[in-house]
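First to last, the sequence lines map onto chains L and Y.
According to my numbering, the first sequence holds residues 1 to 508 in order.
According to my numbering, the second sequence holds residues 1 to 335 in order.
Hints may be right or wrong, so weigh each one.
What the hints assert, rightly or not - Lysine-lysine pairs mimicking DSSO-like chemistry, simulated, CA-CA at most 27 Å apart:
(1) L:K378 <-> L:K438
(2) Y:K129 <-> L:K324
(3) L:K268 <-> L:K324
(4) L:K339 <-> Y:K332
(5) L:K205 <-> L:K161
(6) L:K433 <-> L:K483
(7) L:K108 <-> L:K279
(8) L:K205 <-> L:K48
(9) Y:K332 <-> L:K324
(10) L:K21 <-> L:K48
(11) Y:K332 <-> L:K3
(12) L:K339 <-> Y:K129
(13) L:K438 <-> L:K279
(14) Y:K332 <-> L:K268
(15) L:K48 <-> L:K161
(16) L:K268 <-> L:K146
(17) L:K339 <-> L:K378
To be verified - Label-pair restraints from in silico Cβ distances:
(18) Y:F133 <-> L:G253: 55 to 65 Å
(19) L:M91 <-> Y:G138: 25 to 35 Å
(20) L:G263 <-> Y:L25: 58 to 68 Å
(21) Y:F133 <-> L:A235: 34 to 44 Å
(22) Y:K332 <-> L:N173: 40 to 50 Å
(23) L:R74 <-> Y:K332: 21 to 31 Å
(24) L:G363 <-> Y:L278: 52 to 62 Å
(25) Y:K127 <-> L:N132: 23 to 33 Å
Rather than coming from a laboratory, the hints here were simulated on the basis of the structure.
Ideal placement from N, C-alpha and C gives every residue a C-beta, glycine not left out.
Here is how the chains run, residue by residue.
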Amino acid sequence: MEKLVDMTGIDKHFPGVHALKSVQFNLLPGEVHALMGENGAGKSTLMKILSGIYQRDGGTLEVDGQIVSPTTPREAQDLGIGIIHQELSLMNDLTVAQNIFIGREPRKRFGRLDDAALNAQTAGIFASMNLNLDPRTQVGSLTIAKQQMIEIAKALSYRSKMLIMDEPTAALNDAEIAELFVIIRRLRAEGVGIVYISHKMDELKQIADRVTVMRDGEYVGTVSAADTPVSKIIAMMVGREVNEEPLDPPVLGDAALSLEVSGLNRGKDIRDVSFSVRKGEILGFAGLMGAGRTEVARAIFGADPKDSGEIRVHGKPVSIRSPKDAVRAGIGYLSEDRKHFGLATGMNVRDNIALASMDRFVGIGGVLHDGEISTTAKSYIQQLGIRTPSDAQEVRLLSGGNQQKVVIAKWLLRDCDILIFDEPTRGIDVGAKSEIYKLLEDLAAQGKTIIVISSELPEIMRLSHRIAVMCEGHLTGILPGGKGTTQEDIMHLATQRTAAMQVTGTAQ
Amino acid sequence: MTTATDIDKKKPPAGFSERGAYQKLLAFASLIALLIGFSIASPNFMQTSNMIAILQATSVNGVLAVAVTLVIITGGIDLSVGTLMTFCAVIAGVVLTYMGMPMLLGVAAAIAAGALCGLCSGTFVAKMKIPPFIATLGMMLILKGLSLVISGTRPIYFNDTPGFDQISRGSLIGEVFPALPIPNGVLILFLVAIATSYILGRTVLGRYTFALGSNEEAVRLSGVNTDLWKMRIYALAGGICGIGGILIASRLNSAQPALGLGYELEAIAAVVIGGTSLSGGRGTILGTLIGALIMAVLTNGLRVLSVAQEWQTVVTGAIIILAVYADMARRKKSS
């Protein structure tokens, strides 16, 4: 059969990163071809090259047997390539038809819009999809699933021969997923080729014909979806060597429980999450993008409201409605996005360190003792090895690792003994990473309670005394740290739709 | 300019800091250039009496600009400073002329009214999450209306309060140094500026003012009650507008209830020319003072040169755009 797309030897560099290393991928008409891999494996980059958002540095891209190099999404559309992004890009206040034909509205003479033709053409597309929807409906009033259908209709309106769907089910419930699959199957029957990016194993089994696995920017292999066991696909996804010495988790059996969370709920993001952490323990939170780990952290910290759930700190129930309450209870949260949520980047190092503890440095009439702030900041700069020319340096001029240390210093100064680290080494280079790891281990050894959220499995395995795994808002299991647990075990739980394993919520 | 390679400079605390040194330098240089230019163009310009007139003209706008600087550093904006000034003047008129209270009480009432109105704006912004532009636009109209209602749309004169006009027009400095009859209004402007600068640079309130403008979410996630601090900052700004109200009432020896609209834009213009960033997080009182002086020098100088008033407005507008453009160009280069 003639291939719709044939990509071979695709190379892509970004400053400092070799994002794609001689990757291959092909798509046949009338198939659903799943593209899998961990976060950062290069799936999205590959698809952005196919859809004209990025240009390849090397390799060939053939569409219908012709070598092409689309340089804009528009050119890719003209080649029959439609992409449906994870973040829907619809204008909520316009109608369905206006959205589908945005930028190429049918016109009458003198540039007047032809609404009748617009709606008729849209109705035609809907009929071909067997979708029962009024073209004049406002997009904002539709469910996410229906909006996704609109995106598909929009892609089809360009007479697309292939559709790239990036995690189309991330925001859908089971009924909506079923609805989407009906459409996908119909498109497949009509000969449309579909690239399906997803993290969910059960979906692949339902919808995909072939599966291509990528890892760390490299092509791993292509297998048949029906005949390949899930465990093999997972092994292909994580199959990297573990170079690190396996961690030997300390025995903390009789250490006091410092944080207990039970029945935490928040909409679709957090569903009945319960766990506990002991003094001196590092609890890792693993899971794929969008599993709800950050949401759990923010809910515990009071940054977002929660629907229900009880939080106990050192055995006592605490009511946390705002970050202020959490900080008072001794909980500190270090966001994955330091620049937006962790630091006042325009301010200097010492003010950032003192930010959560200003009341300690206030004298009569609200006057700040800048000398004391400076002395305190300097002691943390020395203690944590923050590399900065002075405590009056603006933090935006520090490196990522040193910025992270400033945030850590802020919480240590505030006397927080429960610290939640969300992606503690994101944007930090390799050398500084191990320094941060060492710091976290020292903090745990000093009796702090540490929660680490990370999308990098090696990081989770390197640090965690126990590993909690989440998938779609559920806590699907808690695994022991150390050499007893493999990356495959974690991946299994991270791709499970519902909690199949017994959740061992209490500490070992 | 501070860059990653040039990081060793010791920085004084915010406030009168060199955080916006470049803009302030630019603003200061422009001010000097204007002064020199106008002196050459007209012998009448560099007269003591004219210089004092410029300072006098700066005093009210300067005080309002100091108030709005605080709000702008938090990343907000206050459109109500002009009509709030008038409202406070009217309150002073009610307390002094209608109720016949002693002068000090009238002054206190005006400042208290200003702080209270600022607290209202702050509540709208912080608690009710209304965007500052809208909240203070509403406040601006409410206060304009209230001033007219309370005064019965007529000016309130302070003829029964002897000495009230001396608050602005008298000259304590002139009594000591007769050669330098700087009016009290100007003295008050400088005192307000120094006090506010101290608050910005040395107190928790000031530190949080910069922190809120720099990254409000990070401050909230540090466990700081950001709503409360924001309300306090708006209240402080309101209180300063109350001082502005006293100054204008004293200068006119009356509370003119129809006055006030347009003052807020002049104040914001002074802040912007002085190098304070409208996106918050940085700014200085010294810059604002220079900005207010530039505006007053421009108006005065063009008048001395007999440029038509309508053209004076055009020039002022152009200067504002130029000042912000220079700031933008600089920031683009440094980032």
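For each hint, the structure was consulted:
1. L:K378 <-> L:K438: It holds: about 20 Å lies between the C-alpha atoms, which stays within 27 Å.
2. Y:K129 <-> L:K324: The given pair, whose Cα atoms are some 18 Å apart, holds under the 27 Å limit.
3. L:K268 <-> L:K324: holds, 25 Å
4. L:K339 <-> Y:K332: Roughly 19 Å between the alpha carbons, so the hint for K339 (chain L) and K332 (chain Y) holds.
5. L:K205 <-> L:K161: holds, 23 Å
6. L:K433 <-> L:K483: Status holds; Cα separation ~21 Å.
7. L:K108 <-> L:K279: violated, 72 Å
8. L:K205 <-> L:K48: holds, 25 Å
9. Y:K332 <-> L:K324: Violated, because 36 Å separates the two Cα atoms, which is more than 27 Å.
10. L:K21 <-> L:K48: Between K21 (chain L) and K48 (chain L) the Cα gap is close to 15 Å, so the pair holds against 27 Å.
11. Y:K332 <-> L:K3: violated, 47 Å
12. L:K339 <-> Y:K129: With Cα atoms ~23 Å apart, K339 (chain L) and K129 (chain Y) stay inside 27 Å; holds.
13. L:K438 <-> L:K279: holds, 18 Å
14. Y:K332 <-> L:K268: With a Cα-Cα distance of about 41 Å, the restraint between K332 (chain Y) and K268 (chain L) is violated, given a limit of 27 Å.
15. L:K48 <-> L:K161: Between K48 (chain L) and K161 (chain L) the Cα gap is close to 17 Å, so the pair holds against 27 Å.
16. L:K268 <-> L:K146: Distance of about 18 Å is within 27 Å: holds.
17. L:K339 <-> L:K378: holds, 22 Å
18. Y:F133 <-> L:G253: 55 to 65 Å: With a Cβ separation near 58 Å, F133 (chain Y) and G253 (chain L) satisfy 55 to 65 Å, so the hint holds.
19. L:M91 <-> Y:G138: 25 to 35 Å: Given range 25 to 35 Å: holds, Cβ gap about 29 Å.
20. L:G263 <-> Y:L25: 58 to 68 Å: Hint holds: Cβ distance 59 Å, inside 58 to 68 Å.
21. Y:F133 <-> L:A235: 34 to 44 Å: violated, 56 Å
22. Y:K332 <-> L:N173: 40 to 50 Å: holds, 46 Å
23. L:R74 <-> Y:K332: 21 to 31 Å: Since R74 (chain L) and K332 (chain Y) have Cβ atoms about 29 Å apart, the given range 21 to 31 Å holds.
24. L:G363 <-> Y:L278: 52 to 62 Å: violated, 32 Å
25. Y:K127 <-> L:N132: 23 to 33 Å: Given a distance of about 45 Å, which is not inside 23 to 33 Å, the answer is violated.
Consistency with the previously given hints fails for numbers 7, 9, 11, 14, 21, 24 and 25, ordered from lowest to highest.
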